[in-house]
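Read top to bottom, the protein sequences are chains H and X. Last residue of the first sequence: 884 in the working numbering, with the numbers rising by one and none dropped. Last residue of the second sequence: 249 in the working numbering, with the numbers rising by one and none dropped.
Derived from the structure by calculation, the hints contain no laboratory data. Note that beta-carbon positions come from the ideal geometry of N, C-alpha and C, so glycine has one too. Among these hints, one or two may not hold up.
[To be verified] A short list of chain H residues far from chain X (calculated; beta carbon distances all over 10 Å): (1) 425; (2) 544; (3) 592; (4) 598; (5) 655; (6) 744; (7) 871.
[Claimed, not checked] Stretch-level coverage of chain H by chain X, calculated; a stretch enters the list once three of its residues show a Cβ under 8 Å from a Cβ in chain X: (8) 475–481; (9) 644–651; (10) 800–814.
[Stated by the list, open to error] Derived contacts from chain X toward chain H, CB cut-off under 7 Å, selection only: (11) 42; (12) 99; (13) 131; (14) 226.
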Amino acid sequence: MQTTPALADPDIQADTLRRAAIDKSVKGPVLFLFLNAAFWLMASTILGVVAAMKLFVPSFLGDCQILQYGRLQPTHINALVYGWGVQAALGIMLWIMARRSGQELTRGKSVMYVAGVFWNIAVTLGLLGILFGHSTSMEWMEMPKFVWPILLISFLAFAWPMTTMFGRAFRPEGFMVSTWYILGACFWFPWIFITANVALHCFQPGLGALGAGINAWYVHTLVLLFFTPVAIGSAYYFIPKITGQPVASDQLSKAGFWMLAILAGWTGMQHYMGGPLPAWMPAIGAMTGVLLLIPVGLVGWNHHLTTLGQHHLVATSPTLRFIFVGAMFYPVSGAVLALLSAFSTGATLQFTHAWYGFQIIAIYGFFSMCAFGAIYYIVPRVAGCEWLSVRLIRNHFWFSVYGIATVVVMSLVAGMQQGGDLNHPDMWDQDFMQLTWNSQGYMMARAIAWLLITWSNVWFLIHLMLMVAGLGRRSSAPTLLEREHGDTLPHGANA
Amino acid sequence: MSDFRKFILSLALSFGLPWLFLIVIPVVKYQALTPTLYDKDRDGVEGIYPPAPINRQGQLVYAREGCVQCHTQMIRPPQLALDAWRKGWGQDQEVRPAAPVRSNTLQDYLGEPFAFLGVQRNGPDLTNYGWRAPARGVIHQKLFEPRSQHSWSNMPALKHLYVVRKAQGPDADKSLKLTGKYAPKPGYEVVPTPEAEALVDYLLSLKKDYLIPGTGAAVATAAPAKK
Numbered sequence: 390m391q392t393t394p395a396l397a398d399p400d401i402q403a404d405t406l407r408r409a410a411i412d413k414s415v416k417g418p419v420l421f422l423f424l425n426a427a428f429w430l431m432a433s434t435i436l437g438v439v440a441a442m443k444l445f446v447p448s449f450l451g452d453c454q455i456l457q458y459g460r461l462q463p464t465h466i467n468a469l470v471y472g473w474g475v476q477a478a479l480g481i482m483l484w485i486m487a488r489r490s491g492q493e494l495t496r497g498k499s500v501m502y503v504a505g506v507f508w509n510i511a512v513t514l515g516l517l518g519i520l521f522g523h524s525t526s527m528e529w530m531e532m533p534k535f536v537w538p539i540l541l542i543s544f545l546a547f548a549w550p551m552t553t554m555f556g557r558a559f560r561p562e563g564f565m566v567s568t569w570y571i572l573g574a575c576f577w578f579p580w581i582f583i584t585a586n587v588a589l590h591c592f593q594p595g596l597g598a599l600g601a602g603i604n605a606w607y608v609h610t611l612v613l614l615f616f617t618p619v620a621i622g623s624a625y626y627f628i629p630k631i632t633g634q635p636v637a638s639d640q641l642s643k644a645g646f647w648m649l650a651i652l653a654g655w656t657g658m659q660h661y662m663g664g665p666l667p668a669w670m671p672a673i674g675a676m677t678g679v680l681l682l683i684p685v686g687l688v689g690w691n692h693h694l695t696t697l698g699q700h701h702l703v704a705t706s707p708t709l710r711f712i713f714v715g716a717m718f719y720p721v722s723g724a725v726l727a728l729l730s731a732f733s734t735g736a737t738l739q740f741t742h743a744w745y746g747f748q749i750i751a752i753y754g755f756f757s758m759c760a761f762g763a764i765y766y767i768v769p770r771v772a773g774c775e776w777l778s779v780r781l782i783r784n785h786f787w788f789s790v791y792g793i794a795t796v797v798v799m800s801l802v803a804g805m806q807q808g809g810d811l812n813h814p815d816m817w818d819q820d821f822m823q824l825t826w827n828s829q830g831y832m833m834a835r836a837i838a839w840l841l842i843t844w845s846n847v848w849f850l851i852h853l854m855l856m857v858a859g860l861g862r863r864s865s866a867p868t869l870l871e872r873e874h875g876d877t878l879p880h881g882a883n884a
Numbered sequence: 023m024s025d026f027r028k029f030i031l032s033l034a035l036s037f038g039l040p041w042l043f044l045i046v047i048p049v050v051k052y053q054a055l056t057p058t059l060y061d062k063d064r065d066g067v068e069g070i071y072p073p074a075p076i077n078r079q080g081q082l083v084y085a086r087e088g089c090v091q092c093h094t095q096m097i098r099p100p101q102l103a104l105d106a107w108r109k110g111w112g113q114d115q116e117v118r119p120a121a122p123v124r125s126n127t128l129q130d131y132l133g134e135p136f137a138f139l140g141v142q143r144n145g146p147d148l149t150n151y152g153w154r155a156p157a158r159g160v161i162h163q164k165l166f167e168p169r170s171q172h173s174w175s176n177m178p179a180l181k182h183l184y185v186v187r188k189a190q191g192p193d194a195d196k197s198l199k200l201t202g203k204y205a206p207k208p209g210y211e212v213v214p215t216p217e218a219e220a221l222v223d224y225l226l227s228l229k230k231d232y233l234i235p236g237t238g239a240a241v242a243t244a245a246p247a248k249k
């Protein structure tokens, strides 16, 4: 108990009590969001298995209309994005913002519950809508038209209290980089979401091919200006906290943030390079998609410098372990985006499985790994008990890492193969037999990888449910993956 | 507070710029986009461009079944990809067409609420499918059971768009010609629902390589000097 002498200090004691009060004030909404998110994640991974199976055994589970690939695949992605992604992000944002502004959440909590319930109802209806034949077939916006206003209002019910809470706060330490990102996410999501939905759902008679461009812009900006900021924000928050070292470079943080803010809004249209859009649109998307390598590299380097010398903690702390991998996936997903964006490589990878690989590495490899790390940190503090089992956390970690790496690598290689098959001059008069055969092995690997991930998520969900039910370990010491002799983590890591 | 305000303003500015130039202005401009008239002297044809609208009812079926997940509707230019040289992907069904299929313009999709350019190309591109489409019955057979035509196909069988019913007298005109293990039980026949008919109408209406007004025969013969 290395904290015993520290507790005697009245300042630290008051500080601990203040933190506990803040944690308690956000407990309900945060746990509600995490639990529902974990449930959707589970649903999404199972759908991922079936959708991958459908690509090489089309009659798997029969020819039932609900389970056709064209309906399953969007359901799988939408469950991942709106069911898991946005909800987990909101929970993390809420907790970090409450801690960062040093204030208890006083008002708006009941509204948050209502919003949370409505969010889940809307997602459920939306996904059932896709499965039962009301899909719009716009990427990431396949859910029927009526869903988006509910999602928007629910999101604002969370984002608005966060922003005002932060606006009221007294900040002696000034702005911290993690809050930039999270405030940015609060601000960008509604803007992107309203723009895309109004443009694609409210214009009569619609926007034709420009609509497709806006759709691609929506997917890219949502990844880069919502999921990315939340993930980096939590990495910037938790890495210094656990390693006990300040963020390595203020300048790198600033440059990484503002370059992302300036560049990301231009990306997206390169998805339809060589298509009907005016040529400058894909061109500027391709340019910014490649230029994003700079902020991505800067942030990755900054995280690396912050972790430097404390790598043994990656083995010990579950939070740092997940966030370390998540932060590593950031440069990797940036590189994949650059490959998809540049015309030279993008023309081969366009319309292939590589695009799926990018979505999965961005949402699962990068964002979700950071989110898992944050959840492993936040839940014990708000639930008032510690994670039950080291083995369950390890299971979750290794099955996720190997599963995701397999899905992503298989999708990228399958994409190269497919792009080669599509564009090879010898294929000019061939049908799609070769292409179908060549992709089979990769799709089998994808199905197996999603099975591994499903396995990891089963344990994550059960573990989280036990924690939410308050059945965790009663202990003042956190659950660490490896116990070192002597002291384990710096004081800040337990705060 | 001023810090906070400055921060929000900078965010608004940095994102507002792409938002304005990439989304708002193009949307406003797109509203002004109208079909253009062919000039008989210049283009050699009469009428409006784009000439034939797509079948919207069928497009709704196309959307809800998620066909976009595997089928694109966009021909890329030859310097980027092979699309334009693929056999039968344009109006010219010759084995070796004289010129590549032209890539698409914004106007090709005019009047479509949303252009289904597609997510992946696990199956053939359908931009100009109407030109190469076989008889209706063959398309229906493909939609009902793709593996009855190609054993390797991984396309979903859209059986719910068809009705298996007791044959009343001789087979109806519309009934599908299925053989072997895909044939219905004796005395039964498979007929398309109106939705399947609409989907086929839509597929047959996919012709997006009509001559662009003002380009003359330049695109077709790849000889831009002779304008």
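Against the structure, the hints:
1. 425: 26 Å, holds
2. 544: At about 17 Å from chain X, residue 544 of chain H clears the 10 Å cut-off, so the statement holds.
3. 592: The assertion about residue 592 of chain H is violated, with a minimum of 7 Å to chain X.
4. 598: 4 Å, violated
5. 655: 4 Å, violated
6. 744: Non-interface label on residue 744 of chain H violated, nearest chain X Cβ at 7 Å vs cutoff 10 Å.
7. 871: 40 Å, holds
8. 475–481: Per the Cβ count (0), the hint is violated.
9. 644–651: holds (count 3)
10. 800–814: That given contact holds, which follows from 5 residues of the segment 800–814 of chain H lying within Cβ reach (below 8 Å) of chain X.
11. 42: 10 Å, violated
12. 99: Interface hint status for residue 99 of chain X: holds (6 Å vs cutoff 7 Å).
13. 131: 4 Å, holds
14. 226: Hint violated; residue 226 of chain X Cβ to chain H Cβ min 19 Å, cut 7 Å.
In this structure, the earlier hints numbered 3, 4, 5, 6, 8, 11 and 14 are contradicted, and the remaining ones agree with it.
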